[in-house]
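In order, the protein sequences belong to chains A and B.
As numbered in my numbering, residues -10 to 302 make up the first sequence, in order.
As numbered in my numbering, residues 2 to 90 make up the second sequence, in order.
These aren't lab readings, by the way, just hints derived from the structure by calculation.
Beta carbons: idealized from backbone N, C-alpha and C, even for Gly.
Errors might be hidden in some of the hints.
Unchecked claim - Which stretches of chain A does chain B cover? Using the computed rule of at least three CB atoms under 8 Å from a CB of chain B, they are:
1. 161 to 168
2. 189 to 200
3. 206 to 220
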Amino acid sequence: MNRTWSKQRERGSPFAIRLIRWIALHCGRGVARCALYPITAYFLLLAGPQRRASGDYLRRVLGRKPALWQTAKHIHTFAATILDRIYWLTDQHERFDIRIHRSDVIFDQLKKGQGCILLGSHLGSFEALRALALSQAHFTLKVLMYRDHNQTLTRMLEALNPDLAATVIDLGGPNALLRVHESLARGDWIGMLGDRLGASDKVCHCRFLGEDTAFPAGPVLLAASLQVPVILFFGLYRGGNRYDLYFERLADRITVDRRQRQAAVQQWTQRYADRLEHYLRRAPYNWFNFYDYWEDRAPHRNIALGNVADRPE
Amino acid sequence: MTHLTDQELEVARLIIDAVYLEDLKVEEIDPEAPLFGTGWGLDSIDALEIALAISRKYGFQLRSDDVEIVHIFASLRALTEHIQKNRTD
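Next up, chain A with everything else stripped away, as it sits in the complex (with noise of 0.2 Å):
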């Protein structure tokens, strides 16, 4: 298995995800949360290359190999942050101890009225940024995806939040950045996820847990060409119902020599894995990239050459 996250089937059948969304809204977060055991032992059973995946990641992250109740644990963080979607999406934020970090540098830019990059992570929950967004208001959110991935998973959250799907930017076709361009002129905010490829993107290779592994250029290279900031974001779960929400400010301006533009992009896509890693390290169950991440041999499209010969099928 390489880098095919996108090709990973969906793990939960439509009847699971209905079953555990009733019991959510039903019977409360207390019991739906003790359903995550079961769900917990079914993927530790049953999911052999999430798990192997799970498995080599801890291995880099603890510098040694996990013990059972680790990968258990692992698993259960992943299942109890997508029960909380549930929460995070039906306004119920009352539920959860939110602490945001760095919330001057969401303010000053609210200041600057002016659209941004907000660039997060499969670390943590995007959800609970994109729920407060929602709820406050201080600023609209675009959220640019691919929207085909998880289908049954996207359909059962935006039903919960039918103003959830007009806040989507999908990544599919060829005019989805001009979306996005359009968008930041009127002042939004887009926010993205920096660390997983699609098909054929292109890529930036960055040391990531002391190895290296292909990030997508994208988010940079978007930054670069619209002038705009980028700030960063991690919404780390802390067990329990506790959320820590961090923003960073990556840049004001991404300025890309044209003659030294690979080494530009390789510059600000190694900040991010940089501190993604830094997050990582404190909050390493938090990690929701159930895929071989280090795999990737495969030639990816290099942003320098952009040649079409490079690409992969």
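Add chain B to chain A, keeping to what the hints say.
Same frame as chain A, now just chain B:
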């Protein structure tokens, strides 16, 4: 292979410059090849770079809500036609 018109040649050079395809030779370009996916193999970042370059050079914006947007980006020929119709420079 169909020959490029002067206008297509100009737009091809703009694309090559905008998306760093310097090693592509203009004489090898098929004006009807798709720009995205197979063919030129461009992606949405490239589409944005091309749109920005078009607005600088020809003085009009490509709009994402244009119902024709997929057709406009279908090939060099289609894009060139769209530019000729809309340019304000």
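Now the hints, each set against the structure:
no.: 1; hint: 161 to 168; in the structure: holds (count 7)
no.: 2; hint: 189 to 200; in the structure: holds (count 3)
no.: 3; hint: 206 to 220; in the structure: holds (count 5)
Hint check: no violations occur; every hint is consistent with the structure.
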